[in-house]
Amino acid sequence: MAELTKLMENEVFLAYVTHSTIVLVKMMLMSLVTAYFRITRKAFANPEDAVHNIKDESVKKFVRFDDDVERVRRCHHNDLENIVPFVGIGLLYALSSPDLFMALIHFRIFTASRIYHTISYLIPLPQPNRGLGWMIGYGVTFSMAYTVLKTTLYL
Amino acid sequence: MAELTKLMENEVFLAYVTHSTIVLVKMMLMSLVTAYFRITRKAFANPEDAVHNIKDESVKKFVRFDDDVERVRRCHHNDLENIVPFVGIGLLYALSSPDLFMALIHFRIFTASRIYHTISYLIPLPQPNRGLGWMIGYGVTFSMAYTVLKTTLYL
Amino acid sequence: MAELTKLMENEVFLAYVTHSTIVLVKMMLMSLVTAYFRITRKAFANPEDAVHNIKDESVKKFVRFDDDVERVRRCHHNDLENIVPFVGIGLLYALSSPDLFMALIHFRIFTASRIYHTISYLIPLPQPNRGLGWMIGYGVTFSMAYTVLKTTLYL
Chain A
1068 MAELTKLMEN EVFLAYVTHS TIVLVKMMLM SLVTAYFRIT RKAFANPEDA
1118 VHNIKDESVK KFVRFDDDVE RVRRCHHNDL ENIVPFVGIG LLYALSSPDL
1168 FMALIHFRIF TASRIYHTIS YLIPLPQPNR GLGWMIGYGV TFSMAYTVLK
1218 TTLYL
Chain B
1068 MAELTKLMEN EVFLAYVTHS TIVLVKMMLM SLVTAYFRIT RKAFANPEDA
1118 VHNIKDESVK KFVRFDDDVE RVRRCHHNDL ENIVPFVGIG LLYALSSPDL
1168 FMALIHFRIF TASRIYHTIS YLIPLPQPNR GLGWMIGYGV TFSMAYTVLK
1218 TTLYL
Chain C
1068 MAELTKLMEN EVFLAYVTHS TIVLVKMMLM SLVTAYFRIT RKAFANPEDA
1118 VHNIKDESVK KFVRFDDDVE RVRRCHHNDL ENIVPFVGIG LLYALSSPDL
1168 FMALIHFRIF TASRIYHTIS YLIPLPQPNR GLGWMIGYGV TFSMAYTVLK
1218 TTLYL
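Residue numbers (the working numbering), protein chains in the order written: chain A, 1068 to 1222; chain B, 1068 to 1222; chain C, 1068 to 1222.
I should point out that these hints are in silico values taken from the structure, not numbers from a laboratory. Since this is a predicted model, take the numbers as computed values, not measurements. You may find that some hints are simply not true.
Said to hold, decoys possible - Straight-line alpha carbon distances no greater than 27 Å define the calculated DSSO-like cross-link-like pairs of lysine-lysine that follow:
| no. | chain 1 | residue 1 | chain 2 | residue 2 |
| --- | --- | --- | --- | --- |
| 1 | B | Lys1073 | C | Lys1217 |
| 2 | B | Lys1109 | B | Lys1217 |
| 3 | A | Lys1073 | B | Lys1093 |
| 4 | C | Lys1128 | A | Lys1109 |
| 5 | B | Lys1128 | C | Lys1128 |
| 6 | C | Lys1109 | B | Lys1073 |
| 7 | B | Lys1073 | A | Lys1127 |
| 8 | A | Lys1217 | C | Lys1073 |
| 9 | B | Lys1093 | B | Lys1109 |
| 10 | A | Lys1093 | B | Lys1093 |
| 11 | C | Lys1128 | A | Lys1128 |
| 12 | C | Lys1109 | B | Lys1128 |
| 13 | A | Lys1093 | C | Lys1093 |
| 14 | A | Lys1128 | B | Lys1128 |
As the list claims (entries may be wrong) - Chain B side only, calculated, beta carbon under 8 Å to chain A, not exhaustive:
| no. | residue |
| --- | --- |
| 15 | Ser1163 |
| 16 | Pro1165 |
| 17 | Pro1195 |
| 18 | Leu1216 |
| 19 | Lys1217 |
| 20 | Tyr1221 |
Unchecked claim - Over the 10 Å line for every Cβ pair with chain C, so calculated as not near, a few chain A residues:
| no. | residue |
| --- | --- |
| 21 | Phe1129 |
| 22 | Arg1138 |
| 23 | Ile1176 |
| 24 | Leu1192 |
| 25 | Tyr1221 |
Every residue gets a Cβ at the ideal spot worked out from N, C-alpha and C, and that includes glycine.
Generate coordinates for the entire structure from the input sequences, incorporating the hints supplied.
As structure tokens, this is what we get:
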């Protein structure tokens, strides 16, 4: 286990682990928000869910779309499209021996931008709030990808 | 390569690799189930797919939604939302030197819960079968995230 | 940091890092293509986006679906379903000490197949172009998963 312990003594790697876990947990919390809106708005995706929550004869009309549920789902989907590349590229970036200061800036800005994006999406704040939140996180991931390819290019 | 071999001698890491590969392969199999239902139900997402499979003039009406296809796609999407965080957080958890016994419990329960979730979704079993399958896997990932943050917090 | 540097001296791992970063960046570029079509086609997902881009009273009718936007989104979604398992399984494969020549074949074919898939989807080329692009990448990931499970099975 010696080398595992050493990986976990690397400060860049520790910071990567912390920030990746936080944004992945944030992404997972969207499932709970979706479930909350599905139940309070009575808008289910499957007949068996409506049966379970409604318990009377009018099940079919509750298998439907609801604007609030769809908003949360779009926010969750945007997380999948942006947080997953961050976790993947961020791992490779953390392994490419970047400067600790630069790495912390990348990770912290990304985490903050995704939390800001979620708040802007769910309230919702007027644009360009959400757009900015998205763009900053997107730029951070691209910047890490550029650093990775510059240090490791091997096609 | 010495340190790679050593990583692969770590039993927790081996178990992580095995279970992650199994759930990712399970997730990928949903694509084949979707393709099967798209072809047997004649419900395609793109005109060029309908042309390829129908070969007569009535192409347009087969670019449509089908309940069975959408059910498989929701199941696949739920896998993306849950298996991807497991693979990411699980890697960081495996690297944080957890107890082998505890790690095996986490990984095995997660794999079993996702297989149970898929079966509940596709048959479909009445709720709360699928809900339970989802919630158990979700709890396992949160438990791993908690362990990771407890051992590595570095903001 | 010694062991990190060693990981980055491993040629299989370098090739994995390069190809993973390329396909993740390719996946992220789909967001820009979606944004381009949403703005040029005036087809937005949220009222606040339509307000921001339209700036007159007729906002509501631009919160709508558009065939070109949906095509890009399906392509992006297919990337999520296929590139994410490649990045996850590919990492475990790269760590399982495969032959360099075999690993390069896997990674290069995958990257090429996903670029071909995207081109086939967006132009669009008649089937089975896109289907073939998808199937080849899918087969590569399965082949890596098989190698991983053969070398590391630990349930």
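Verification of the supplied hints:
| no. | hint | verdict |
| --- | --- | --- |
| 1 | B:Lys1073 to C:Lys1217 | 18 Å, holds |
| 2 | B:Lys1109 to B:Lys1217 | 51 Å, violated |
| 3 | A:Lys1073 to B:Lys1093 | 33 Å, violated |
| 4 | C:Lys1128 to A:Lys1109 | 26 Å, holds |
| 5 | B:Lys1128 to C:Lys1128 | 25 Å, holds |
| 6 | C:Lys1109 to B:Lys1073 | 55 Å, violated |
| 7 | B:Lys1073 to A:Lys1127 | 56 Å, violated |
| 8 | A:Lys1217 to C:Lys1073 | 18 Å, holds |
| 9 | B:Lys1093 to B:Lys1109 | 24 Å, holds |
| 10 | A:Lys1093 to B:Lys1093 | 24 Å, holds |
| 11 | C:Lys1128 to A:Lys1128 | 25 Å, holds |
| 12 | C:Lys1109 to B:Lys1128 | 26 Å, holds |
| 13 | A:Lys1093 to C:Lys1093 | 24 Å, holds |
| 14 | A:Lys1128 to B:Lys1128 | 25 Å, holds |
| 15 | Ser1163 | 6 Å, holds |
| 16 | Pro1165 | 11 Å, violated |
| 17 | Pro1195 | 7 Å, holds |
| 18 | Leu1216 | 6 Å, holds |
| 19 | Lys1217 | 10 Å, violated |
| 20 | Tyr1221 | 4 Å, holds |
| 21 | Phe1129 | 23 Å, holds |
| 22 | Arg1138 | 7 Å, violated |
| 23 | Ile1176 | 17 Å, holds |
| 24 | Leu1192 | 8 Å, violated |
| 25 | Tyr1221 | 4 Å, violated |
Hints 2, 3, 6, 7, 16, 19, 22, 24, 25, counting from the list given before, are not met by this structure.
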